[in-house]
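Participant: As a plain string of letters, each chain reads:
Number of protein chains: 2
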Amino acid sequence: MKIEIPRYIEVFGAAQINEVQRVYELDSGVTSEVPAENVGTVRDIGKDVMNDIEQRMAIVVSTKNEKLRLLDGVMSGIPHDCLIIVVSNSTRKPIDRYKNEMELVKQFNKFVQRKVIMIHQRDPGLAKALREVGYTDILQGRYVRNGKGEGALVGLVLAKLAKKDYVGFVDADNFIPGAVHEYVKNFNSGFSMASSPYSMVRISWLYKPTVIETGFYFSRWGRINEYTNKYLNRLISSHSGFGTEIIKTGNSGEYAMSMKLAELLAFSSGSSVDPYTMLNLLEAFGPSNPINNKEVREKGVQIYQIETRNPHIHVDKGDEHLANMLLSSIGIIYHSRICSDALRKVMIDELIASGLIKKGVTPPNPPTMRPTKNLNFKTLQEFLEINAKTLVTMGEASTQNQAPS
Amino acid sequence: MKIEIPRYIEVFGAAQINEVQRVYELDSGVTSEVPAENVGTVRDIGKDVMNDIEQRMAIVVSTKNEKLRLLDGVMSGIPHDCLIIVVSNSTRKPIDRYKNEMELVKQFNKFVQRKVIMIHQRDPGLAKALREVGYTDILQGRYVRNGKGEGALVGLVLAKLAKKDYVGFVDADNFIPGAVHEYVKNFNSGFSMASSPYSMVRISWLYKPTVIETGFYFSRWGRINEYTNKYLNRLISSHSGFGTEIIKTGNSGEYAMSMKLAELLAFSSGSSVDPYTMLNLLEAFGPSNPINNKEVREKGVQIYQIETRNPHIHVDKGDEHLANMLLSSIGIIYHSRICSDALRKVMIDELIASGLIKKGVTPPNPPTMRPTKNLNFKTLQEFLEINAKTLVTMGEASTQNQAPS
Chain A
1 MKIEIPRYIE
11 VFGAAQINEV
21 QRVYELDSGV
31 TSEVPAENVG
41 TVRDIGKDVM
51 NDIEQRMAIV
61 VSTKNEKLRL
71 LDGVMSGIPH
81 DCLIIVVSNS
91 TRKPIDRYKN
101 EMELVKQFNK
111 FVQRKVIMIH
121 QRDPGLAKAL
131 REVGYTDILQ
141 GRYVRNGKGE
151 GALVGLVLAK
161 LAKKDYVGFV
171 DADNFIPGAV
181 HEYVKNFNSG
191 FSMASSPYSM
201 VRISWLYKPT
211 VIETGFYFSR
221 WGRINEYTNK
231 YLNRLISSHS
241 GFGTEIIKTG
251 NSGEYAMSMK
261 LAELLAFSSG
271 SSVDPYTMLN
281 LLEAFGPSNP
291 INNKEVREKG
301 VQIYQIETRN
311 PHIHVDKGDE
321 HLANMLLSSI
331 GIIYHSRICS
341 DALRKVMIDE
351 LIASGLIKKG
361 VTPPNPPTMR
371 PTKNLNFKTL
381 QEFLEINAKT
391 LVTMGEASTQ
401 NQAPS
Chain B
1 MKIEIPRYIE
11 VFGAAQINEV
21 QRVYELDSGV
31 TSEVPAENVG
41 TVRDIGKDVM
51 NDIEQRMAIV
61 VSTKNEKLRL
71 LDGVMSGIPH
81 DCLIIVVSNS
91 TRKPIDRYKN
101 EMELVKQFNK
111 FVQRKVIMIH
121 QRDPGLAKAL
131 REVGYTDILQ
141 GRYVRNGKGE
151 GALVGLVLAK
161 LAKKDYVGFV
171 DADNFIPGAV
181 HEYVKNFNSG
191 FSMASSPYSM
201 VRISWLYKPT
211 VIETGFYFSR
221 WGRINEYTNK
231 YLNRLISSHS
241 GFGTEIIKTG
251 NSGEYAMSMK
261 LAELLAFSSG
271 SSVDPYTMLN
281 LLEAFGPSNP
291 INNKEVREKG
301 VQIYQIETRN
311 PHIHVDKGDE
321 HLANMLLSSI
331 GIIYHSRICS
341 DALRKVMIDE
351 LIASGLIKKG
361 VTPPNPPTMR
371 PTKNLNFKTL
381 QEFLEINAKT
391 LVTMGEASTQ
401 NQAPS
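Same order as they appear, the protein sequences are chains A and B.
First residue of the first sequence? That's 1 in the numbering used here, and the numbers climb one at a time after it.
First residue of the second sequence? That's 1 in the numbering used here, and the numbers climb one at a time after it.
Since the hints were derived computationally from the structure, they do not count as laboratory data.
Cβ atoms here follow ideal geometry from the backbone N, Cα and C, with glycine treated the same way.
Just so you know, not all the hints are guaranteed correct.
Stated by the list, open to error - Partner residues aside, some chain A positions facing chain B, computed with beta carbon under 7 Å:
hint, residue
1, Asp27
2, Ser28
3, Ser32
4, Lys47
5, Asp81
6, Ile176
7, Gly178
From just these sequences and the hints, can you work out the full model?
Facilitator: Next up, the structure:
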């Protein structure tokens, strides 16, 4: 892959946020060289580097009642050497969709023989194992809560058990396997550029409303992203005193982290998880917070934002879904401890003026879940192995990586 | 790439047509192994093999007034090591779109430094050079004729001058760079499976009318393809005596050939070129034709059809364009010397019954252009270098590959 080197970096405490980077070539081959005059502009990431990162990476695929064909396509796009972790929250009655997903994955894997871990988010055995290690943050009664953030966190925990160094998140509702393939390569490009072991890569979608006739959807999506980015940028400005537009990926649902960073971050519930991975990073490593971790203080946390070459074409979940996504994204910023009262007032005024919320309504405050670093993973694994009936491991995932089996 | 091995092969004289093959994984990494029980089912094509073929391959990108952004995207999807040959037939007045394309490509290439050759199809110097070597088949007065087939043939000639062993064709009107990337990998997969130096790989699109709301277009396209495939298959049946559905890629606009095969084939004018590359192969190497080339007789000609994982989303050229495409595709089969009178009658009856042509109308008979094998390429190159004012070479295309400069 050949990619632009970011020209501008915004520093916010220990966090270094890189400007959006453009992809020049999806595949830079083997004969490629970056000439001297472009060394400061272009980075060529070779296949060896990519392959090395892929072997150390888990890709968490969240799915909820998506068409099996889409899940199949997404898996075909993820480079073979990555561990795939499917976290499903599909309905199990009257039709057991999770069973169908398992059969699809098994059938697919008969031919590709890759490492796959699958689990159902509402498996009571999963909840039991998490309760056993005291991680009740994610629970609601006998189950893990419904929600995208909860699913992502389950995926993160499984990636940690599989001893992966990187974890990436992609949704199963993606029509373009080539786009999924590019996301993973973009993740790898970011990690290969990082000098700190604490790094995050977020995908900036190249969405083009005029491309296809579903323009309506794209522009709505753009609107949510616009607000989230604006408010995340104002959070930074309110501390630095300088306006910034550095954050362009507030609502990106496709991002990856080094495990060292991922386990230091809190996650939030539902669809607010996407902006919250960014927000919590600013909260935890921003200028107003004491940072206890010496390595983080010294090496910093690096965030890369990479603009895909492929458009993002996915299932239209409808207006209500989008409205919820907007409100929870705004809400998680509104209620952040690093959000000033002045910014809160601006947010409310703007959202009322644009008709996005009603007067007198306070944006929701989605629950958050503590960082997972200090969980007792050994105990968690033992309990998972015994109790989680929906847990499936394929390929050599169970043995080579010591994942639960 | 991990790909299904075709289970069924139809033999037609020296031609071996393989059943459509499915792609399992776009990227099979480096740790992948095909277990013993799948050796007969799955082929894993490693990056080394791919890289080797890419360095010997030219990809011809045909463009005609496409948005620059699309051309940019298509180039970003073609693996770096392939030579890109852009054959443009864009309008030059009142705005010189070719000039804009050249500027775009130069700008793009500043950062990626790849090998690119560009030419305008209506360059009088190009026509002059082709006339000089007696290849008047492609000319109309002072110019190369307008038409997709003519553009493809110009690309083939330039690929031959650049001493490439493989030549592939893709259109610039493709919204998914990842799909273009996959096409090239599919081409390479096919060539890596071929045991004969005479081979062709055709892309079978995974088009799904329900995927996006432009279903109408997709189904129309499906209809053209359905007729073309049906009649190509009947040509085969009428010789073998057995019904077949082996050909699924009659109208594929994305295909590649080994140079040894490409220079033995005639091309046809306009959009009939896509089915004609298949048809002419059946004409030239079918059972009713004496084959003079000893190597072809001994090794055969192998055709692979590979179903993409990515959907094909491109510019809707409108109904008239599609009607012309249908008629010229049908016409080129109708007028083929291997088409029997009985099949001609069936074709006409069916097309009238389905309202696709009017009674009493004979389908058009697009002009064809002789195989290029025996052209004097040395003279052609000399004349091109002197006369073709629109010819541009970038990167090391001109020196390392002895392409015209």
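Participant: Among the hints numbered above, which are violated by the structure, and what are their numbers in rising order?
Facilitator: none
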